[in-house]
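Chains A and B, in that order, are what the protein sequence lines are.
Residue 328 in the numbering used here is what sits at position 328 of the first sequence, and the numbering runs on without skipping anything.
Remember, the numbering used here sits 1000 above the position in the second sequence when you count from 1.
A few of these clues could be false.
Unchecked claim - Derived pair list, reagent style DMTMM-like, types lysine to aspartate or glutamate, alpha-carbon separation capped at 20 angstroms:
#1 Lys289(A) x Glu1107(B)
#2 Lys1083(B) x Glu264(A)
#3 Lys1320(B) x Glu107(A)
#4 Lys304(A) x Asp1095(B)
#5 Lys1006(B) x Glu1079(B)
#6 Lys1304(B) x Glu264(A)
No wet-lab data here; the hints were simulated from the structure.
Number of protein chains: 2
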Amino acid sequence: MKFSIKKEIILNQLLHVSKALSNKNFIPILAGIKFELIESGLLLTGSDNEITIQAFIDSEKFNIIKLGSIVIPGKYIVEIIKKLPDEIINIEIVDGLKLLVSTQRTEFNLNGISAMEYPKINIEKNKKPIIISKNIFKNIINQTSFAFSLQETRPVLTGINFKLNKNTMECTATDSYRLAKKIISIENNDELFDIVIPGKNLIDLNKIIDDNDEKLEIHIFNNKIIFIFENITFQSKLINGSYPDTTKFIENINILKVYTNTLEFYDVIDRASLLTNDKEKNIVNLEIKDNILILTSNSPEIGKVEERMEIEKNNKVDLKISFSAKYMMEAIKAFESEKIEIIFNEETKPIILKNPYSDDLMQLVLPIRTY
Amino acid sequence: MKFSIKKEIILNQLLHVSKALSNKNFIPILAGIKFELIESGLLLTGSDNEITIQAFIDSEKFNIIKLGSIVIPGKYIVEIIKKLPDEIINIEIVDGLKLLVSTQRTEFNLNGISAMEYPKINIEKNKKPIIISKNIFKNIINQTSFAFSLQETRPVLTGINFKLNKNTMECTATDSYRLAKKIISIENNDELFDIVIPGKNLIDLNKIIDDNDEKLEIHIFNNKIIFIFENITFQSKLINGSYPDTTKFIENINILKVYTNTLEFYDVIDRASLLTNDKEKNIVNLEIKDNILILTSNSPEIGKVEERMEIEKNNKVDLKISFSAKYMMEAIKAFESEKIEIIFNEETKPIILKNPYSDDLMQLVLPIRTY
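In isolation and in its complexed conformation, chain A is listed as follows (with noise of 0.2 angstroms):
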């Protein structure tokens, strides 16, 4: 393998592929990133069992001298690339396993390894993909990846569970304790699927997407999926098991609907929340009275907290709740609407979060009993 390439193509694609590289893993080439050179470009691999990114750069990009595949420590070549001067860098297998990665002063010599010990990666493709925007995309994950659950014990809770059901695709994530779910339509579509991705896993995903509406296609089969965007191959495995029937959660007999600024709002429960701590889960007490909402804490130790604000409401009812003020704010910070509709239902019920012009996006949280 012998090629010359610019510094910021291969660095780009490097910084990639290296987000699949996983610091615990215990299987050592895995902290490699192989490389593949062949005809058609460059392929660059990194995998950690879980999830497995390749980026592939055209052989019109760069200059290619002589074919050939090996795998690299991934932390080291990324490091390295990072800080040589921004020009022309040859890159070249030399001695059977070592890479000379050279510029016109510098000259790095890694031990690398076979790249046929690398594991078998099999990349699918579906004939017929669903399709969607990568800003569309990008925004499923920002307004629920912070809903999924970080305890094992329940493994289809740390995933996001995705149900199309022709032009419509639901996207859900839940702790149990507060659900985000987001609604979007997908054109064309006549497939029907309810998969449950690990949720880690789309965060990365989400790292390395742009923000544009450019297409992403996803490629889905029994045990895996498959994003491809650009020159990037993204695939992760699902998990196992049905995803709870999230609907009798989210059904409601609301008692009273509020209306208020959605930043306002988010800014009074972070105030009220200053003098609570993790170990209480954040508790603020809500009391509506009246066209007014009032947050109030208290820490014994350290003192109490007052905040109002004003507020619209749908009828006279007035109500006090209480709830985590950590999981109330993640929650409003997934809208992006001037205003918020705040549904309060019965007593043990969860308080519902929306848009008020829009379905698209809902947010649960379940209210804390304090009495």
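For this one, chain A is given, so just place chain B on it according to the hints.
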């Protein structure tokens, strides 16, 4: 105590004073900030016994309603003021030992402690303090503070030595593996002193000094030092014990002087150290051969690197030497000059770095024997 004040005015001063608070403090009241409202203004005090920071807000800048004093947990009062909307804040002692912090829609009630219980802090002044510009003082700290020792085994080495002799002040830091010395001139001075100021306290002080050419007053006493600038008073303990004589360390019989570009020299060492690790003290090998400087390092498991750069030199001597890349990079970073002079001495003597056109800053790094 009762007053109202603009958020930004009190927040800035609280942020300064809170730098003195330590999480590790065993004296609970020192987790607090003392508020003293007297006729001339508001005096805020924070202290951890090692350092004390006071900020004074002149009565002209806010509205005093009633004098008084109290101590309030620093962590909470700073967070609260930071998150209040930008407007006038009312601060008032209620129920004896509670602080009510309120704006139109927000009320915080914080538990306080009587100001009588706060340790007495005696801030004195000299009749004739040393006066230097803030930016010169900041330079001293920035160019020496990385070199003091973090090991408590030799307490004086955890400080920076300030030695004033008439119009010259020498500031020295060393951990016995490298040394940084900055020399500045002090006008109209006839004082003599030779003190050691705890390095970490100077780093704290540096954070609250703006980078401009306004004046800084330095008042020196037997066991403490006081810095006064704008409305801020910063007091630090001194370290007992006499600082080692470093002149012998610096005396040199140079065998070769090399001149090169500062940034380029930094970059080649940075890259040459990429394959080393902290355990090995990031050792790199330097070779001067004709007009080429060659840097190499070798890590049998990972690989090896060779960097080359052109240099000028003052004689025909060639040499080989090894040193810690980390120490050398920190030393280089202290220079603002485009060019740097590297003075090589006998084998076991320090390598000296200086600006070729000035003697005000000197950095020494001990070589490491690798054979």
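Hints versus structure:
The straight-line distance between the Cα atoms of Lys289(A) and Glu1107(B) is roughly 17 angstroms, inside the 20 angstroms bound, and the hint therefore holds. For the suggested pair Lys1083(B) and Glu264(A), the alpha carbons sit about 12 angstroms apart, so the restraint of at most 20 angstroms is met. The straight-line distance between the Cα atoms of Lys1320(B) and Glu107(A) is roughly 19 angstroms, inside the 20 angstroms bound, and the hint therefore holds. With a CA separation close to 14 angstroms, the supplied pair Lys304(A) and Asp1095(B) stays within the 20 angstroms bound.
Under the criterion of a C-alpha separation no larger than 20 angstroms, the hint pairing Lys1006(B) with Glu1079(B) is consistent with the structure, at around 16 angstroms. Distance restraint check for Lys1304(B) and Glu264(A): the Cα-Cα separation of roughly 57 angstroms exceeds the 20 angstroms cut-off, and the hinted pair is therefore not satisfied.
Violation of the numbered hints given earlier is confined to hint 6; every other hint is satisfied by the structure.
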